[in-house]
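Novice: Residue numbers (the working numbering), protein chains in the order written: chain A, 1 to 158; chain B, 1001 to 1151.
Hints are supplied without guarantee of correctness; some may be wrong.
Cut-off 27 Å, straight-line C-alpha distance, at most; resulting in silico cross-link-like pairs (DSSO-like, lysine-lysine) [as the list claims (entries may be wrong)]:
#: 1; chain 1: B; residue 1: K1105; chain 2: A; residue 2: K115
#: 2; chain 1: A; residue 1: K122; chain 2: B; residue 2: K1034
#: 3; chain 1: B; residue 1: K1132; chain 2: B; residue 2: K1105
#: 4; chain 1: A; residue 1: K115; chain 2: B; residue 2: K1115
#: 5; chain 1: B; residue 1: K1055; chain 2: B; residue 2: K1146
#: 6; chain 1: A; residue 1: K115; chain 2: B; residue 2: K1055
#: 7; chain 1: B; residue 1: K1146; chain 2: B; residue 2: K1129
#: 8; chain 1: B; residue 1: K1034; chain 2: B; residue 2: K1120
#: 9; chain 1: B; residue 1: K1101; chain 2: A; residue 2: K129
#: 10; chain 1: B; residue 1: K1034; chain 2: B; residue 2: K1055
#: 11; chain 1: A; residue 1: K115; chain 2: A; residue 2: K80
#: 12; chain 1: B; residue 1: K1055; chain 2: A; residue 2: K80
#: 13; chain 1: A; residue 1: K35; chain 2: A; residue 2: K4
#: 14; chain 1: B; residue 1: K1034; chain 2: A; residue 2: K158
#: 15; chain 1: B; residue 1: K1105; chain 2: A; residue 2: K129
A few chain A positions that, by computed beta-carbon distances, are all more than 10 Å from chain B [unchecked claim]:
#: 16; residue: R3
#: 17; residue: I9
#: 18; residue: A31
#: 19; residue: K115
#: 20; residue: K122
#: 21; residue: L126
#: 22; residue: V136
#: 23; residue: H146
#: 24; residue: E154
Hints are computed from structural coordinates only; laboratory data are not their basis. Ideal Cβ positions, reconstructed from N, Cα and C, are used throughout, including at glycine.
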Amino acid sequence: MNRKSQIQIGETIAVLFVFFILIVVGLIFYARVIKGNIEIEGEESSQLRSVGIAQRVMFLPEVQCSEDNNIIDNCIDTLKLESAQSLMRENEVYYYDLFEFGNISVAQIYPNEVKWSLYLRKADNLRNKIVTNVPVSLYNPVTRRHGFGVLTIETFSK
Amino acid sequence: MEILGLAIVVVLVLVATIFVVRFLVLKTPADYRKGFVSSEIASNTLNTFLRTAAKDCSQLTMTELFQDCAQARGIICDNGQDSCRYAESTARNVFEGTLDKWNMKYEFLAYTDIKQPLVKIGNLCKAEKRSKLFPIPISTATMFVKLDICG
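Okay, chain A solo, but in the shape it has when bound (with noise of 0.2 Å):
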């Protein structure tokens, strides 16, 4: 073989390998790409579940207010809260369809402060939480006056 041909050889061999490194920064670069892209749709996913279980459990009509058989809007009755509070405990399956993992509670901030556990179900590999506060009042139907409460919506997730 004349030197000639071994150089071309060499160049081949040159060009093969930086076309091959080329080929594996460009996998490398995209996998990286879509691992992003897969995180940030888990994100917004799992933001669009929080915002479902919140307005699943704003309207829950175990503990919603109704006078003479209508539903009074943004209103938790006090003494169904109560009930609630055993009957979630006691359906925990039925309520984690609905729920799945999380943690819900209310606070009375005005007249006094007062708080009530609803719903609560964790696991130990979920490390994101979402936190979601949405004001409403709270009304005793003995005393038949409201007060001011904040409903808290905690959702767990990988």
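Using the hints provided, position chain B relative to the given structure of chain A.
Specialist: Here is chain B on its own, set in the frame of chain A:
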């Protein structure tokens, strides 16, 4: 000639890289929750607050206290405050436990004439805001209670 080909390839690779970085790598997650939360908070806070019964004022609602505040100011609560001051101090107390605690900027106003508000809490929103306005009927005109949540 070969150098020109190489230069074109390099330029194409650069353009592709810039495109990928711009549209894929720098893509931030859409904040669906933020819009829901701020609009719910503006509306629910005001709605709930106006329904709330005052503990030291014959259990009158905040709406009734604001109505008196805009008219005769004849109501004096058990702690000696008139309707305007009582409604204002209750609003401050409630917002401290909610909006301030959640690090939210806001402006709360109760007025018949916006230039001379009866109650003003918080500061004017300088940029984007979610706003809720509640009209309250009074004998002479209409008064308004407004809550702006900034951001």
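Novice: Hints first: check each against the structure and report whether it holds.
Specialist: Tested hints:
Between K1105 of chain B and K115 of chain A the CA atoms are separated by roughly 25 Å; this keeps the pair inside 27 Å, and the hint holds. Annotation: proposed proximity of K122 of chain A to K1034 of chain B holds, straight-line Cα distance about 24 Å (limit 27 Å). Simply put, K1132 of chain B and K1105 of chain B have alpha-carbon atoms about 14 Å apart, close enough for the 27 Å limit, and the pair holds. Taking the CA atoms of K115 of chain A and K1115 of chain B, the gap is near 40 Å; set against the 27 Å cutoff, the hint is violated.
Between K1055 of chain B and K1146 of chain B the CA atoms are separated by roughly 23 Å; this keeps the pair inside 27 Å, and the hint holds. For the hint pairing K115 of chain A with K1055 of chain B, the CA-to-CA distance comes to about 18 Å; that is within 27 Å, so the pair holds. With a C-alpha separation of about 12 Å, the suggested pair K1146 of chain B and K1129 of chain B falls inside the 27 Å cut-off, and the hint holds. This hinted pair checks out: K1034 of chain B and K1120 of chain B have alpha carbons roughly 25 Å apart, not beyond 27 Å.
Among the hinted pairs, K1101 of chain B with K129 of chain A is consistent with the structure: their alpha-carbon atoms are about 18 Å apart, no more than 27 Å. Proximity of K1034 of chain B to K1055 of chain B is assessed by CA-CA distance (about 33 Å); at most 27 Å being required, the pair is judged violated. Distance hint between K115 of chain A and K80 of chain A is fulfilled; the C-alpha atoms sit about 14 Å from each other, no more than 27 Å. Taking the CA atoms of K1055 of chain B and K80 of chain A, the gap is about 22 Å. The hint holds against a cut of 27 Å.
The suggested pairing of K35 of chain A with K4 of chain A is violated, with an alpha-carbon distance near 47 Å, which exceeds 27 Å. Between the alpha carbons of K1034 of chain B and K158 of chain A the distance comes to roughly 21 Å, so the proposed pair stays at or under 27 Å and holds. With a C-alpha separation of about 23 Å, the suggested pairing of K1105 of chain B with K129 of chain A holds against the 27 Å cut-off. For R3 of chain A, the requirement that its beta carbon stay farther than 10 Å from each beta carbon of chain B is met, with the minimum near 21 Å.
At the 10 Å boundary, the C-beta of I9 of chain A stays outside the reach of chain B, the nearest C-beta of that chain being 18 Å off. For A31 of chain A, the shortest C-beta to C-beta distance to chain B comes to about 12 Å, beyond the 10 Å cut-off, and the non-interface label holds. At the 10 Å boundary, the C-beta of K115 of chain A stays outside the reach of chain B, the nearest C-beta of that chain being 12 Å off. In this structure K122 of chain A is separated from chain B by more than 10 Å, as the shortest Cβ-Cβ distance comes to about 21 Å.
At roughly 18 Å from the closest C-beta of chain B, the C-beta of L126 of chain A stays outside 10 Å, upholding its exclusion from the interface. The beta carbon of V136 of chain A sits about 6 Å from the closest Cβ of chain B, which is not more than 10 Å, so the claim that it is off the interface is violated. Consistency note on H146 of chain A: stated as away from chain B, yet its beta-carbon is not over 10 Å from all of that chain's, at 4 Å minimum. Distance check on E154 of chain A: its Cβ is at least 13 Å (rounded) from any Cβ of chain B, clearing the 10 Å threshold; non-interface status holds.
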